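Undergrad: Chains as they are written, first to last, in this note's numbering: chain A, 1 to 400; chain B, 1001 to 1763.
Derived from the structure by calculation, the hints contain no laboratory data. Predicted model only: the values in this text are computed from it and were never measured. Even for Gly, the Cβ is constructed at its ideal location relative to N, Cα and C.
Restraint ranges, calculated between C-beta atoms of paired labels, are given here:
#, chain 1, residue 1, chain 2, residue 2, range
1, B, L1025, A, L131, 33 to 43 Å
2, B, G1029, A, L273, 15 to 25 Å
3, B, A1113, A, L131, 43 to 53 Å
4, B, I1040, A, Q280, 12 to 22 Å
Calculated Cβ distances over 12 Å to all of chain A for the following chain B residues:
#, residue
5, M1094
6, T1143
7, Q1353
8, T1630
For lysine to aspartate or glutamate, the following DMTMM-like pairs were computed, each having C-alpha atoms within a straight-line distance of at most 20 Å:
#, chain 1, residue 1, chain 2, residue 2
9, B, K1095, A, E61
10, B, K1696, B, E1079
11, B, K1620, B, E1294
12, B, K1426, B, D1468
13, B, K1631, B, D1582
14, B, K1093, A, E61
The lines below spell out each chain.
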Amino acid sequence: MTGGVNSFQVSGYGPERAGWTRVFARDSLARRLDWPILFSALALSLLGSLLVYSATRNRTELNQGDPYYFLVRHWLNTGIGVALMIAAVWLGQRALRTAVPLLYGASVFLILLVLTPLGSTINGAHSWIKLPGGFSLQPSEFVKITIILGMAMLLAARVDAGDKPYPDHRTVLQALGLAVVPMLIVMLMPDLGSVMVMVIIVLGVLLASGASNRWIFGLLGAGAAGAITVWQLGILDEYQINRFAAFANPELDPAGVGYNTNQARIAIGSGGLTGSGLFQGSQTTGQFVPEQQTDFVFTVAGEELGFVGGALIIGLLGIILWRACRIARDTTDLYGTIVAAGIVAWFAFQSFENIGMTLGIMPVTGLPLPFVSYGGSSMFAVWLAVGLLQSIRIQRPMSA
Amino acid sequence: MTNIPETGRSPRVQIRLVVIQVLVLSLLGTLGGRLWYLQIREGDQYAKEASGNHVQQVVQPAVRGSILDARGVPLADNETRLVVSASRTDLLKMKDDGKAVLTKLAGVLGMDAEEVQQKVRLCDAETPQPCWNGSPYQPIPITDEATAKQALQIRERAEDFPGITAEPQALRRYPSPGKANTAQVLGYLSPVTDEEITKAQDTSSPYLRSDMVGRSGLERQYDKQLRGKAGVTRYEVDNLGRVIGEAEADPAQPGANLVTSIDSRVQRIAEYELNEAMKEARKQHDRNTNRNYEADSGAVVVMEAKTGRVVAMASNPTYDPNAWVGGISAKDYANLTGKKSNYPLLNRATQGQSAPGSIFKVIPTAAAIQAGYSFEGPYNCSSSYSIGGQVFKNFESQNHGPISLGRALEVSCDTVFYALAHEEWKRDGGNKPKKNANDWFYKTAHQFGLGEETGIDLPNEVTGRVPDRQWKLDYWTANKDAWCKYGKKDGTYAEKIAYENCLEGNRLRAGDSVNYSIGQGDTLVTPIQMATIYAAISNGGTLYDPTVGKAVISPDGKTVTEIEPKAHGKLPTSKKTLAQIDEALEGVATRGTAAWRFGGWPQDEIPMHAKTGTAEVYGKQTTSWFATYTKDYSIVMTISQGGTGSGASGPAVRNIYNALYGVSEDGEIDKKKALLSTPQKSLPKVRTDGTIKSPKISKDPVKDRVTPSPDAQATTPQGDDPADPQQAGTVPSPEMGNRQTRRRHRRRRGGTGTGKGLRRAAA
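Chain A with its partners taken away, still in its complex shape (with noise of 0.2 Å):
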């Protein structure tokens, strides 16, 4: 196994070199970097800086009679979101795998603090934690992170050390224990959006580490026997159903969960190949679209900018998803692996989860869009798992 020695190289070759032929070193930093996935992300985000100052520069009631208030806000946290990913890349890899525990404690002490008094609800989720300035953290979105770099250590610890070509079932279930615990606390706030993406996180981190297919199966099964006993049992009331099933015919919950369905496809189905031209749109200005700058944002770009702007975001979030992939089977050690293919059920999940909802073909769930939705946690947590994808390339051997 030679991943230690190349983490090191990375330091050791820095000082020796100079100027823009340090830079372009074949080895360097700046050519280790995943420039792909960088460029998409700061894109996505720029384009989501716009996106939400369409949606709340009329929103008087939201934005504090500022119209740029979300905008530059927007911007502050896609700056920390990139302070965190050097962060990570400063920090490297091994650096932050001997962090994994502290991380993930401090995770599941943040999801606990929301359960206490300092916790707050914000539309119906109690998952949030008021920090002054205006500000709030929602730590879930962290939760997401930990629980990768959780189970990976958990899962990779045996595999890289190489006593084992897989991890053994007593392993498996430390890590599936290590996924449950935050995820119960998470159910109990309740943010079910947030549960389902880390249900899609552990299925995609157990199928990377090559855990037996009994164990794949296993969960697959439970997961469905179990929905199929929530429905038979009648433990959910029509009206719930009906809200789940308002996706499909918004007919059945016009006002509530069916309204934003309908108002979401009317603005996306408006826009047409090009769009209405951005702060043109007639739906986004007349704010008929709730959540719009959060979870409803792609609707802005579906009438705004149109196909071509629709196409463009789930296109960038392709290739981020596409390096990510990329990363995960290019990398040498078991642990790179397994938090690559979290990362990328996490995004491919979350994206598709957003985006589906706005087109009707999921139900609706509070999920951001990552990069493009406003909101702070979710930008940190998704440039900090940019930040985790880039540490593990930088580290991979220069012949891959």
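Fit chain B to the given chain A structure using the hints.
TA: For chain B alone, coordinates are given in the frame of chain A:
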């Protein structure tokens, strides 16, 4: 490990990573596909929905045009009422959804606070009336009966009543000038229905939700012209209804004014006289039914003979058209349309039909000439005419000997027409009809315009009926099953009739032809049809489409579109024959059956022509018909179950003529008092601002007449009992007097060929 030496990783993980990659790509592909479907394939539809979302219309209703009489007197116009309305969008911006404001408003208006709240809520499936059915962006009317003081209170304290407006608004009014109510001719308005909105959506004159639509009469016929075009202001709004974009506005265009040929004074006289005649008839005893006449309904038409323009048209029973303004109450509606109402909404002049009796006889006269018989004859006016075993009697079995057709009209001799009709029936093949039978008597009726609409500019005119061969066949086909089931050869009278009808009801029998020749049997006509025919006889043979509308004047008064008289046919009668008929009808008025009603009429100055009719209706009392004309006008009047032609309708028609020409009871003509000695030719004057000059009209023209309404009993003692013609009066040729009163209830003798036997001949 040789494949992937760098990672030193198992193939299982590698394969799974590829699976993840493929899954991720397919998810993104799904999103792209769905995006394409929504935006490119169905984009147009969503674009439409989006524009429906954010554009709201505010409608300023157009002022509906007035309906004026021939001199410019408004029969239907608009009055300004103070309407207090609430803007729902303004109310909803308040913290309590405007409750406090509405409560305060209710206090000012003296209304119940809850009622006011109810008026501004939106109607839906679960919200009962009162509720607002229109656009939520439209100001919702709270009351249209606010006083000036209340309106001032609201407007002066605008800051206390945000979202509330008190503004004058135009509402329909039917002022009944000089008590001329004209209800059925004017019609009424009611709010547009959803169905109509959908139907008219893509036409040149789409409806708005706030529109009122003409439902009958002129209001319906000329709805398009009268309605105008509502002004629409389109605002771009956001999800809360706040205006965010600039509006485009089309200003309201008021509707055009309709000038009619109605003269409100003559209309008033006609209505009054019709009602008086019916009241009088109800005092008269009917010998045949042994009770007083019911006079349940009646109509009178005064028409310009040379143009077909309607000067007056009255229908009784009648109603107050103002009942419809501002929404009709349930009680009023029941009174107007319920089973006990006797249907006052019906215009009996165009929508009432009955057998014409002897006023029909001008048609068989013309038919006989067409068939080749001479006018002079002579034809034997015997006391009876028998076909097979059946005897058709002349009135009171009178015998006038050999007479001309003209004389037969004067004395209303049935047997002359019986014989002619029977003769023609035989010529056409009798019971074995020829293939191309002439059917002169029926063909002529069609040529006179019977059996079809006259084309009057009033909706839902009925056609009447000419009971010809085709009709008999159609009627038999439709009813034979019932007849054959019910009929018995040796059953009761009705059963025997049904039996006979079942066997040969499809054939035109001798009895049918004979009954038909004197306007009985299955013949049906409307008053407007007969007025048109008698006007045609007066004007030299042109059958005009009767018109009530005379001109449409644009709201600015600059464009005047006259509605020109239009003919729908010529009488199939030569000038010579027409002159002979004309002479005979003059004879009716001077020495015939109507003479006793025209005693003292200045016949030399204003030649009067008339024909009386008393039609029998099975199971009912006789229908009174009176058809008259001068060179200017034709007047036809009918009273259902009213008695005889001249008896019941005579005095009323005479009084209308008196008023028109200014004739006093003793025959003096005072042109100054004449309401309309020649038809109104010119249109009312339009002022430069588009308004129309109208002359002052007295409170009740009935009271301004030359002669006070003559009491029928005072001048015509025969009126005491019109069923008894033998009571001669002071009229000339008393032996011809009131012949219409005879009635014959012939019993069937023997079993053959008398038609249905349900309706029998009369005068």
